[in-house]
Amino acid sequence: MISIKTMISNKSIRRGDLFGIYVEIINGNPEEITIKRITLTAPMGFSKGSEPSPLLDQKLPYSKIAYVFQDDIDRKIAKDDGYTHNFLLRAGFWWGTNPKPDTHIVLITVEYNDGASDTQEFTNVSISIFPSFSSMLIGTIAGGILGTLANSQLISRTNVEKMNPEIVLPILFVNIILSFIAGVILMRRKDVQSFITVEDFWGGLLMGFVVGYVGFEGLLRLFGITDLGQPISAPQT
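In terms of UniProt numbering, the sequence shown opens at residue 1 and continues consecutively.
Take these hints with a grain of salt, some might be off.
[Unchecked claim] Restraint ranges, calculated between C-beta atoms of paired labels, are given here:
hint: 1; residue 1: Asp80; residue 2: Met7; range: 13 to 21 Å
hint: 2; residue 1: Ser12; residue 2: Lys36; range: 28 to 36 Å
hint: 3; residue 1: Ser128; residue 2: Ile171; range: 35 to 43 Å
hint: 4; residue 1: Met7; residue 2: Asp114; range: 19 to 27 Å
hint: 5; residue 1: Ser126; residue 2: Leu149; range: 36 to 44 Å
Simulated from the structure, these hints should not be mistaken for laboratory data. The beta carbon of each residue, even a glycine, is placed where N, CA and C say it ideally should be.
Let the hints inform the model, and build the full structure from the sequences given.
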């Protein structure tokens with residue numbers, strides 16, 4: 001028998017990130033063994049670090065989306081000795097609209113010869129892939145544009161002059177910048193409690209829309225943030 005231990009290099013993995021899976025093999029047999037090969041079978045979307053990044057997708061049957069990475073080892077291991085092998089992978093393409101993390105199961109197969117016959121041992125690794133920061137920030141920018149346009153349409157019903165491009169475009173530009181800044185701030189805060197989870201494209205889209213529609217201060221009120229320099233005062237009537 002052999003003992004197989006696995007470790008993931010990154011504490012948190014996001015779409016498009018490079019990460020390593022370390023496979024440690026301990027020889028528990030009374031005799032020397034030879035590690036012949038180690039195979040890693042991953043769902044669609046994972047690739048070797050040097051290869052192009054496909055999209056992560058779990059909607060197809062597993063038999064049609066499995067990717068196999070096989071390394072020939074041919075390494076002898078003495079009794080109670082060990083060997084560590086590393087797979088460098090990329091977690092798909094950075095773009096994606098799936099909310100919250102996707103959990104993927106990676107199968108690792110170790111083939112070895114114990115002097116009498118070839119044997120296989122298996123182990124599984126569960127990997128959670130979080131949405132990328134880039135997709136969230138793109139969502140905030142898109143939401144900022146939509147929110148600004150929606151607000152402009154509302155204003156135009158009462159004041160057609162304010163729909164002049166010379167007025168709307170500067171407001172749109174400022175709201176895009178504010179949406180981007182808000183996204184960065186809220187990504188870095190762990191104490192935000194709100195119905196918006198700013199972790200993915202859709203959270204960013206909703207947050208950007210709020211900024212474009214009611215302004216940056218309105219967003220901070222929505223999230224209950226009052227400590228960015230000074231408390232936010234109530235609007236003057």
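Now for the hints, and whether the structure bears them out:
1. Asp80 with Met7: 13 to 21 Å: Given a distance of about 20 Å, which is inside 13 to 21 Å, the answer is holds.
2. Ser12 with Lys36: 28 to 36 Å: Given a distance of about 34 Å, which is inside 28 to 36 Å, the answer is holds.
3. Ser128 with Ile171: 35 to 43 Å: holds, 39 Å
4. Met7 with Asp114: 19 to 27 Å: Given range 19 to 27 Å: holds, Cβ gap about 25 Å.
5. Ser126 with Leu149: 36 to 44 Å: Once the Cβ atoms are compared, 42 Å apart, the range 36 to 44 Å for leucine 149 and serine 126 holds.
Checked against the numbered hints given earlier, this structure breaks none of them.
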